[in-house]
Amino acid sequence: QSALTQPASVSGSPGQSITISCTGTSSDVGGYNYVSWYQQHPGKAPKLMIYDVSDRPSGVSNRFSGSKSGNTASLTISGLQAEDEADYYCSSYTSSNTGVFGTGTKVTVL
Amino acid sequence: EVQLVESGGGLVKPGGSLRLSCAASGFTFSSYSMNWVRQAPGKGLEWVSSISSSSTYIYYADSLKGRFTISRDNAKNSLYLQVNSLRADDTAVYYCTRDHSALYYFDYWGQGTLVTVSS
Numbered sequence: 001q002s003a004l005t006q007p008a009s010v011s012g013s014p015g016q017s018i019t020i021s022c023t024g025t026s027s028d029v030g031g032y033n034y035v036s037w038y039q040q041h042p043g044k045a046p047k048l049m050i051y052d053v054s055d056r057p058s059g060v061s062n063r064f065s066g067s068k069s070g071n072t073a074s075l076t077i078s079g080l081q082a083e084d085e086a087d088y089y090c091s092s093y094t095s096s097n098t099g100v101f102g103t104g105t106k107v108t109v110l
Numbered sequence: 001e002v003q004l005v006e007s008g009g010g011l012v013k014p015g016g017s018l019r020l021s022c023a024a025s026g027f028t029f030s031s032y033s034m035n036w037v038r039q040a041p042g043k044g045l046e047w048v049s050s051i052s053s054s055s056t057y058i059y060y061a062d063s064l065k066g067r068f069t070i071s072r073d074n075a076k077n078s079l080y081l082q083v084n085s086l087r088a089d090d091t092a093v094y095y096c097t098r099d100h101s102a103l104y105y106f107d108y109w110g111q112g113t114l115v116t117v118s119s
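Protein chains in written order, with the working numbering: chain P, 1 to 110; chain S, 1 to 119.
Bound conformation, chain P alone (with noise of 0.2 Å):
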């Protein structure tokens, strides 16, 4: 159960578009469809943004979208705003029926 591997941050200026890495192995990102993503501010509980690796919960910006390719899965944020700037995380189920999340990224708009 390592981590998935994420970059440990990621800046743009308001209005451009970033993308987080969530890379992982076969055993989990690779070899299901069960990757989500999680914005974080400080001091506040994470919040469910993307599932099935790219689909949005209601009531989440359409600005936010998922992709995956073989064993990594991304975020985009197009459209960045200030309100953007947090912690990601993605999450992935695994072959042993767990869970896993990702190291983290810290977003910084510029």
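Keep in mind that the hints were calculated from the coordinates and are not lab data. This one's a predicted model, so the numbers in the text were calculated from it and none came from an experiment. We put the CB at the ideal spot given by N, CA and C, even for glycine. One should not assume that every hint holds.
With a straight-line cut-off of 30 Å between C-alpha atoms, the simulated DSS-like cross-links for lysine-lysine are [stated by the list, open to error]:
1) K106(P) with K43(S)
2) K76(S) with K106(P)
3) K106(P) with K47(P)
4) K65(S) with K76(S)
5) K13(S) with K68(P)
6) K76(S) with K47(P)
7) K68(P) with K43(S)
8) K44(P) with K76(S)
9) K76(S) with K68(P)
10) K44(P) with K43(S)
11) K68(P) with K47(P)
12) K106(P) with K68(P)
13) K43(S) with K65(S)
14) K13(S) with K44(P)
Some residues of chain S that are not near chain P, with every Cβ distance over 12 Å (derived) [unchecked claim]:
15) S7
16) G15
17) S17
18) R19
19) G26
Add chain S to chain P, keeping to what the hints say.
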């Protein structure tokens, strides 16, 4: 409105035990798998344990097996985590989460309860 309210955290000495609780409301608790997720201060999220809707299936993170025990009482709409033999590296905020579809999509989170392990 879905609400998850954790309790039971606090300061405990190394080797000690705690029982964390999560009171659920606003949804049919007995229909959902539930999980505990923790976050050490300044660190990332770590999945801890899951329990299916009827307690048939229970899973733990490998590193925690044997020390942590998850349980639930559907009659009381409550989730529990018994944590034993606590170590300093168990210091974290422990979140109760609802699993959207038993596939580790956590669509609702509590506010968390802080467990501090220190002498």
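Hint check results:
| no. | hint | result |
| --- | --- | --- |
| 1 | K106(P) with K43(S) | holds, 12 Å |
| 2 | K76(S) with K106(P) | violated, 38 Å |
| 3 | K106(P) with K47(P) | holds, 15 Å |
| 4 | K65(S) with K76(S) | holds, 26 Å |
| 5 | K13(S) with K68(P) | violated, 44 Å |
| 6 | K76(S) with K47(P) | holds, 26 Å |
| 7 | K68(P) with K43(S) | holds, 25 Å |
| 8 | K44(P) with K76(S) | holds, 27 Å |
| 9 | K76(S) with K68(P) | violated, 40 Å |
| 10 | K44(P) with K43(S) | holds, 14 Å |
| 11 | K68(P) with K47(P) | holds, 20 Å |
| 12 | K106(P) with K68(P) | holds, 20 Å |
| 13 | K43(S) with K65(S) | holds, 21 Å |
| 14 | K13(S) with K44(P) | holds, 27 Å |
| 15 | S7 | holds, 15 Å |
| 16 | G15 | holds, 25 Å |
| 17 | S17 | holds, 24 Å |
| 18 | R19 | holds, 21 Å |
| 19 | G26 | holds, 16 Å |
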